[in-house]
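Participant: Sequence order for the protein chains is B and H.
With this note's numbering, the residue at position 136 of the first sequence is 136, and numbering never jumps.
With this note's numbering, the residue at position 28 of the second sequence is 28, and numbering never jumps.
Because the hints were derived from the structure by calculation, they are not lab data.
Glycine is no exception: its CB is placed at the ideal position from the N, C-alpha and C atoms.
Check before you lean on any hint, since a few could be wrong.
Quick list of in silico lysine to aspartate or glutamate cross-link-like pairs, DMTMM-like style, CA-CA up to 25 Å [stated by the list, open to error]:
1. B:Lys102 - H:Asp93
2. B:Lys102 - H:Glu94
3. B:Lys102 - H:Glu97
Covered, in the sense of this in silico footprint (three residues per stretch, anywhere, with C-beta under 8 Å from a C-beta of chain H), are these stretches of chain B [stated by the list, open to error]:
4. 5-18
5. 25-31
6. 47-58
7. 67-79
8. 108-122
9. 132-145
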Amino acid sequence: MTPCQHRTAQMIEALLFILMAIAAIAGAVSVVVARNPVYSAMGLLGTLFSVAVLYVLQLAHLVAAVQVIVYAGAVLTLFLFVIMLIGIDKSEQHDEKLPHQKAIVGGIAGAIVLLAGGITIFGDFDWVPAGSVINPNATNGTIEAVAAPLFTDWVLAFEATALLLTIAAAGAIALAHYRRRPS
Amino acid sequence: MIDPGLYMALAAVLFVIGALGLLLRRNALVMFMCIELMLNAVNLTLISAGRALNDINGQVAVFFILVVAAAEVVVGLAIIVSVFRLRSTASVDELSELRG
């Protein structure tokens with residue numbers, strides 16, 4: 001790769017990061033702010049797609065594909081089905097049952113953000129060992145690269161998740177079939 | 001190459017937005033979406049930390065989180081639907097009793 005091509009690639013990467021960061025934050029804000037739950041779901045979809053693009057930027061190809069298929073495909077469809085089932089309830093109550101809930105929540109969130117920002121900017125916080133060099137080939141997340149540790153080191157956890165999914169599906173069906181006994 | 005710290009900052013922002021939504025909204029469905037938002041922020045930190053540390057296991061961890069989140073959504077939405085059938089509401093303020 002010539003230096004000129006290298007610089008162009010870096011510029012495209014930075015541009016994509018900025019665009020996708022803005023899109024992810026906008027989607028997240030619309031999840032929280034939107035009155036209509038359908039709009040919240042669409043905001044979540046935008047965030048999920050933007051984060052998937054950020055995964056691709058970091059060479060996590062398989063995880064990005066799984067994110068789009070599982071989250072955007074399955075989970076969000078489930079959310080939309082449930083919204084359809086229970087109806088769009090816009091009449092959310094905004095009277096505060098806990099006194100000063102918004103002020104307290106805002107204060108705590110602001111304090112945490114200030115603390116985290118302060119530690120990041122002023123603190124001596126090295127979570128990457130000094131002198132370590134990022135080698136993109138080591139974490140090129142192709143199917144083979146992710147599957148090798150998945151089926152060797154983590155095979156027990158993998159089987160446990162299979163059991164977990166079966167239990168979750170059975171539990172969901174049991175909950176859906178539950179009827180209160182006529183008393 | 002983008003500095004991994006920028007990804008961490010973005011993930012922190014997403015996590016805080018999700019936590020704020022979880023604390024401020026009353027609609028159980030929207031609160032659930034906020035939990036998904038927080039899980040996504042954590043996944044982003046795992047991917048970028050794995051990349052910074054040259055370790056593929058970060059991506060394996062994200063894979064497991066995706067599976068557990070899918071199971072969690074299935075059970076949680078089933079609970080929300082069955083609560084709605086009993087009480088005709090999805091607002092968490094109305095659900096102050098454990099009794100069904």
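Participant: All hints are to be evaluated individually against the structure, with a verdict given for each.
Facilitator: Hints, one by one, checked against the model:
1. With a C-alpha separation of about 15 Å, the suggested pairing of Lys102 (chain B) with Asp93 (chain H) holds against the 25 Å cut-off.
2. With a CA separation close to 19 Å, the supplied pair Lys102 (chain B) and Glu94 (chain H) stays within the 25 Å bound.
3. Using a Cα cut-off of 25 Å, the hinted pair Lys102 (chain B) and Glu97 (chain H) holds, with the two alpha carbons roughly 24 Å apart.
4. Look at the stretch 5-18 of chain B against chain H: 4 of its residues bring a Cβ nearer than 8 Å to a Cβ of that chain, three or more, so the hint holds.
5. With a cut-off of 8 Å between beta carbons, the stretch 25-31 of chain B has 4 residues touching chain H; three or more are needed, and the interface restraint holds.
6. For a cut-off of 8 Å, the count of residues in the stretch 47-58 of chain B with a CB near a CB of chain H stands at 7, and the three-residue condition holds.
7. Check result for the stretch 67-79 of chain B against chain H: holds, 7 residues qualifying (beta carbon to beta carbon below 8 Å, three or more required).
8. Under the rule that three or more residues need a Cβ within less than 8 Å of chain H, the assignment of the stretch 108-122 of chain B holds, with 5 such residues.
9. A stretch counts as covered by a chain when three or more of its residues have a beta carbon under 8 Å from one of that chain; for the stretch 132-145 of chain B and chain H the count is 8, and the coverage holds.
When each numbered hint is compared with the structure, no violation occurs for any of them.
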